[in-house]
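Asker: Sequence lines, in order, name chains F and R.
Taking our numbering, the leading residue of the first sequence gets 21, the next gets one more, and so forth.
Taking our numbering, the leading residue of the second sequence gets 335, the next gets one more, and so forth.
It should be emphasised that the hints constitute simulated quantities derived from the structure, not laboratory data.
Possibly wrong hints are sitting among the right ones.
Unchecked claim - For lysine to any residue, the following SDA-like pairs were computed, each having C-alpha atoms within a straight-line distance of at most 20 Å:
hint : chain 1 : residue 1 : chain 2 : residue 2
1    : F       : LYS285    : F       : TYR298
2    : R       : LYS462    : F       : SER167
3    : R       : LYS508    : F       : GLU289
4    : F       : LYS387    : R       : LYS484
5    : F       : LYS105    : F       : ALA131
6    : F       : LYS312    : R       : GLU448
7    : F       : LYS304    : R       : GLU351
8    : R       : LYS459    : F       : TYR298
9    : F       : LYS327    : F       : TYR363
10   : R       : LYS484    : F       : ARG386
11   : R       : LYS508    : R       : LYS370
12   : R       : LYS422    : F       : MET214
What follows is the residue order along each chain.
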Amino acid sequence: MAENKTFTPLPDLPPPASTVGFVGWLRSNLFSSPANTIMTVLAAVFALWLIPPTLDWTLFSAVYSGGSEACAANPDAACWPFITKRLPQFFYGFYEETERWRVDVAAIMLAVGLVWLLIERLPYRQFVGLFMLLVYPLIAWALLYGSVFGIDFFPIVQTSLWGGFSLTLVIALTGIVISLPLGIVFALGRQSKMPIIRTICISFIEFWRGVPLITVLFMASVMLPLFLPEGVTFDQLLRALLGVALFSSAYMAEVVRGGLQAIPKGQTEGAQSLGLGYWLMMRKIILPQALKTVIPGIVNTFIGLFKDTTLVLIISLFDLLGVVQAAIADPNWSVKSVPYTGYVFVALVFWVCCFGMSQYSRYVERKLHTGHKR
Amino acid sequence: MSETATQNVKSSSMTDEVAIRLEGVNKWYGQFHVLKDINLTVKRGERIVICGPSGSGKSTMIRCINRLEEHQQGKILVDDIELTDNLKNIEAIRREVGMCFQHFNLFPHLTVLENCTLAPIWVRKMPKKEAEEIAMHYLERVKIPDQANKFPGQLSGGQQQRVAIARSLCMNPKVMLFDEPTSALDPEMIAEVLDVMIGLAESGMTMLCVTHEMGFARKVADRVIFMDAGQIVEENEPEAFFGNPQNERTQLFLSQILGH
Numbered sequence: 021m022a023e024n025k026t027f028t029p030l031p032d033l034p035p036p037a038s039t040v041g042f043v044g045w046l047r048s049n050l051f052s053s054p055a056n057t058i059m060t061v062l063a064a065v066f067a068l069w070l071i072p073p074t075l076d077w078t079l080f081s082a083v084y085s086g087g088s089e090a091c092a093a094n095p096d097a098a099c100w101p102f103i104t105k106r107l108p109q110f111f112y113g114f115y116e117e118t119e120r121w122r123v124d125v126a127a128i129m130l131a132v133g134l135v136w137l138l139i140e141r142l143p144y145r146q147f148v149g150l151f152m153l154l155v156y157p158l159i160a161w162a163l164l165y166g167s168v169f170g171i172d173f174f175p176i177v178q179t180s181l182w183g184g185f186s187l188t189l190v191i192a193l194t195g196i197v198i199s200l201p202l203g204i205v206f207a208l209g210r211q212s213k214m215p216i217i218r219t220i221c222i223s224f225i226e227f228w229r230g231v232p233l234i235t236v237l238f239m240a241s242v243m244l245p246l247f248l249p250e251g252v253t254f255d256q257l258l259r260a261l262l263g264v265a266l267f268s269s270a271y272m273a274e275v276v277r278g279g280l281q282a283i284p285k286g287q288t289e290g291a292q293s294l295g296l297g298y299w300l301m302m303r304k305i306i307l308p309q310a311l312k313t314v315i316p317g318i319v320n321t322f323i324g325l326f327k328d329t330t331l332v333l334i335i336s337l338f339d340l341l342g343v344v345q346a347a348i349a350d351p352n353w354s355v356k357s358v359p360y361t362g363y364v365f366v367a368l369v370f371w372v373c374c375f376g377m378s379q380y381s382r383y384v385e386r387k388l389h390t391g392h393k394r
Numbered sequence: 335m336s337e338t339a340t341q342n343v344k345s346s347s348m349t350d351e352v353a354i355r356l357e358g359v360n361k362w363y364g365q366f367h368v369l370k371d372i373n374l375t376v377k378r379g380e381r382i383v384i385c386g387p388s389g390s391g392k393s394t395m396i397r398c399i400n401r402l403e404e405h406q407q408g409k410i411l412v413d414d415i416e417l418t419d420n421l422k423n424i425e426a427i428r429r430e431v432g433m434c435f436q437h438f439n440l441f442p443h444l445t446v447l448e449n450c451t452l453a454p455i456w457v458r459k460m461p462k463k464e465a466e467e468i469a470m471h472y473l474e475r476v477k478i479p480d481q482a483n484k485f486p487g488q489l490s491g492g493q494q495q496r497v498a499i500a501r502s503l504c505m506n507p508k509v510m511l512f513d514e515p516t517s518a519l520d521p522e523m524i525a526e527v528l529d530v531m532i533g534l535a536e537s538g539m540t541m542l543c544v545t546h547e548m549g550f551a552r553k554v555a556d557r558v559i560f561m562d563a564g565q566i567v568e569e570n571e572p573e574a575f576f577g578n579p580q581n582e583r584t585q586l587f588l589s590q591i592l593g594h
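The following block holds chain R by itself, in its conformation from the complex (with noise of 0.2 Å):
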């Protein structure tokens, strides 16, 4: 692996538009606050790892980002569209957006086919045929254009996150958010996923992952950035990240993760 991981397959295709735009996010649960003063601008093409400790408030960010969750103060904009309570603006900003969950989130009652080609033909209005065959193309993609006919259930964990990647995909999303995608596999499925990822990365897609895989973050990341207790404690490229944290709360919580 440490071989791979300092081997990086950088950007050619960050570009200088931007992508995603937070300013001054706050977010409150109840009481809790969640989120704090989060300011953060994605360029288009740029693949960015957010990790740190659980409860840091990386998973509620990147979720703000499509609206699962929603912010109270602050602006977020998306393709420069605001994100507000407006319905329309909301589910433009989520066709553009595709997501990949920690649990998958796989529709058990279609077939593999049929969750990737949902969403282009109702949302979208494409004919089923041309659905299909964007389908067919992307499960190719992921590796696994034989299983298109089985329903999730009959699927490793793998091989659904595989599919849920390529069900995002068949939307043609500008942006791409992973939410610990890898955290619920056993370890010889994370790989797969994994080479699915890369292989996105290398195809110029906008990505913000959340994730733990270090070994990716270095390969891919344009720019890691470190949350806890609801702020962004540290950000930047993976190599003086990872060779020289300058905050001490990174320091510790990155001796944790990789100190055995």
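One chain only, chain F, in its complex shape (with noise of 0.2 Å):
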């Protein structure tokens, strides 16, 4: 041993040419195999038979101005003077005419809190969240019905007018709001020591997620009635909004309890030997990371949610669809290409507005990952 031996590491060297760039994306991804490049033809074969014609359909050869005569003419394609003619229809029902008004501001009050909360660099977020959850349901209420805890502030417009994408709206946001934290409470509740908070909180799960939203629906809306004392009315929309809060608050009960059962018993532990009490270690340890672990869950509820909402036809609620349902059975546009061109139009609303409930959901998740769990 003469000298000491010095460690130094080899330098570090590129990746072989072949694997990076364009051609090498494309071999590495496409044609790795021969299985795979048969796949990539196959789809390639696939998207060019199904896309043209549907671009084809849906915007070349589409029918964009005059009537039904127009349509009628071009029956093969799609016909969008039927939606563009009837849009206010669709979105605001059968609300009367010279009350639309009153939609147009709680859904612009709507769309700005909404974007102010989900747009992070905005101050006074905490109170515009606190707007929006306790006093806003109040004026949206005021402004669509017409009239809150008895006070009259405008001419009252019935719910069974009330329709389309409004509607739409009002259903799932209230189900939204209130299923989240009633899940919450139902899933921690499945989880208590306490034997019949438990055996409430199961039973209240078990049954809501047994029977089908449909049967929720129709009992709100014709058997709840015959047991409630005379003289009793509860609105039809209301008992439908119960049902529709109430069943998906069951499913997400099931959501968050899976996030909870993922939290490993250390954070428990760890959070109790500081002298954390149970609601603080919820609030601050548990519930963080048990939710943000199952928000694809419950986004995914969220969603089923939002197209749920098309079930209340069955009480004669007429929700977008129903609405465009109703009106292409119109006469005057008993036009081959109208129906399909109708229900393309719900689709793509629906598809546009879950798709953006997703893509907020990924957003989310990114933002608050923070490095590998221990």
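Reconstruct the complex from the two isolated chains, following the hints.
Answerer: This is the structure we're talking about:
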């Protein structure tokens, strides 16, 4: 041992040229093996078979102006005038035309509030959040219905006249806003050490999960009035809202429970060893992590709820799908392409909303990622 | 190691006041009798190392002291407060007893600084600024103030364990419990955690450590306890414990962990 050896790591070399760049990407992703090459070719053929006719039907050959006659002259393409002429109805339903500005005001407030909450750089987000959660529903009800707590602000518009996309939004947002907190409460209750609370929560969850939503809506609409004392009436829409909210709470509870169970026991012990009580521990340690873990599940439930709002058709509430269906039946528009166009339009609106939720949830997931979990 | 191990940083800090007292403590997991008639008195300022084979109940015993586990018979008094089902007592004791775990149990969604300030702010109702100053003080003491704004997932195991120690110290506890704090660490990181623990011992903290770091036991412990099958088999001062173990079971255990 005359002299000490020092350890010097070898220098880093660039990767081989064939694995980088566009050609490298093609080779490794699309043509890496015979099976992959076959799949690539099949997918290309399928896309060629599907995409051009679809674009042709919806855009290139479609009818954009005129009335039902123009559409009748070109029956093998989309009939967009049917949509544009009926657009107000698709949004407002049968809401009285002179009062529609009230829906506009409520919708604009909602849009501003939501955008404010979704963009993180804006100030006062907590206050806006509280406002949207606690005050806005009352304002919206006052605007849309015309009266809150027996005080009349505007001429009353019965909920049976509400409809279209605005009704879809009312039902979906009420469901979303109620189901998340309620679902969290039931998920926590289901894990409670107190047998009575646990039993109540399990019974609630299993009852609502075991019953189809259509049945729930039917019962809310037909059977509930039978149980109420005479003279007490309960608005048809409110009953549907309650049904949808409780139904989705049960699903939400199970999603949240999945998140709670994914949190290692060490987190509870770490929090307890610092002297945190149950509610503080849940609020600061367990729920933030549990909810983050199940964001995909939560948004999945929201999306399911959003699409299930179409089922209110069964208790004669006309949401977007209901209104469009009613419009299709109009004899003035009995053209072959009108039903297709109507349903494509509904599908497109729902898809945009659901895809938006899905994208936002992925953004939130990325933002909340804090490195590897231990 | 052997020279430093024999040098003792011993106890000027141990007093006659009782910090923790366990009287006839028994515990069962279902049918399994995990703690059998444990009697132990810990003085304020005393440093105790607990060792023993896995499944001997040593972790369970110290976890009973802050009620992460419930005992079924006997009495546990911490700071003269008895541990019962009374939630208020339990939370009062947990505020005064810090604990470090084998797997650190840091909160991965909070930064290092937030991990340290959470309990002082929300449990002790301390102003945020003051809590942050205290947190930085302890982060400096465990030698990682520069990591304060990182998330635990970005740190090495040894750094995480030091954060966990700092997090406990921020509550200004009277007693610290360590449940195998170095067992999940790579060899190079064990030393940095032990250094922090030795520093803590020198400052006069009452400590109960479940560990197999015998060098640490020799250096700082006032008493070493050996447990097997849910019982305290032998307890003694480190020199006597390692130099002249009385019980056959202790001799066997020591020969196995020191023998190679």
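Asker: Hints first: check each against the structure and report whether it holds.
Answerer: Tested hints:
1. In summary, the hint linking LYS285 of chain F to TYR298 of chain F is supported, as the alpha carbons are separated by about 14 Å, within the 20 Å threshold.
2. Taken as a hint, the LYS462 of chain R and SER167 of chain F pair is broken in the structure, with Cα atoms around 45 Å apart against an allowance of 20 Å.
3. Proposed proximity of LYS508 of chain R and GLU289 of chain F is supported: the alpha carbons are some 19 Å apart, at most 20 Å.
4. The hinted pair formed by LYS387 of chain F and LYS484 of chain R meets the criterion: a straight-line CA distance of about 15 Å does not exceed 20 Å.
5. At most 20 Å may separate the alpha-carbon atoms for a hinted pair to count; LYS105 of chain F and ALA131 of chain F exceed this at roughly 24 Å.
6. Between LYS312 of chain F and GLU448 of chain R, the direct Cα distance comes to roughly 18 Å. Compliance with the 20 Å bound is thereby established for this hinted pair.
7. Only pairs whose Cα atoms come within 20 Å are accepted, and LYS304 of chain F paired with GLU351 of chain R is rejected, the gap being roughly 36 Å.
8. Between LYS459 of chain R and TYR298 of chain F the alpha-carbon distance is near 16 Å, which keeps this suggested pair within the 20 Å criterion.
9. Restraint check for LYS327 of chain F and TYR363 of chain F: satisfied, since their Cα atoms lie roughly 14 Å apart, inside the 20 Å limit.
10. For the given pair, LYS484 of chain R sits about 17 Å from ARG386 of chain F by alpha-carbon distance, which is consistent with the 20 Å threshold.
11. Between LYS508 of chain R and LYS370 of chain R the CA atoms are separated by roughly 27 Å; this puts the pair beyond 20 Å, and the hint is violated.
12. Taking the CA atoms of LYS422 of chain R and MET214 of chain F, the gap is about 18 Å. The hint holds against a cut of 20 Å.
Violated hints, in rising order: 2, 5, 7 and 11; the structure is consistent with all others.
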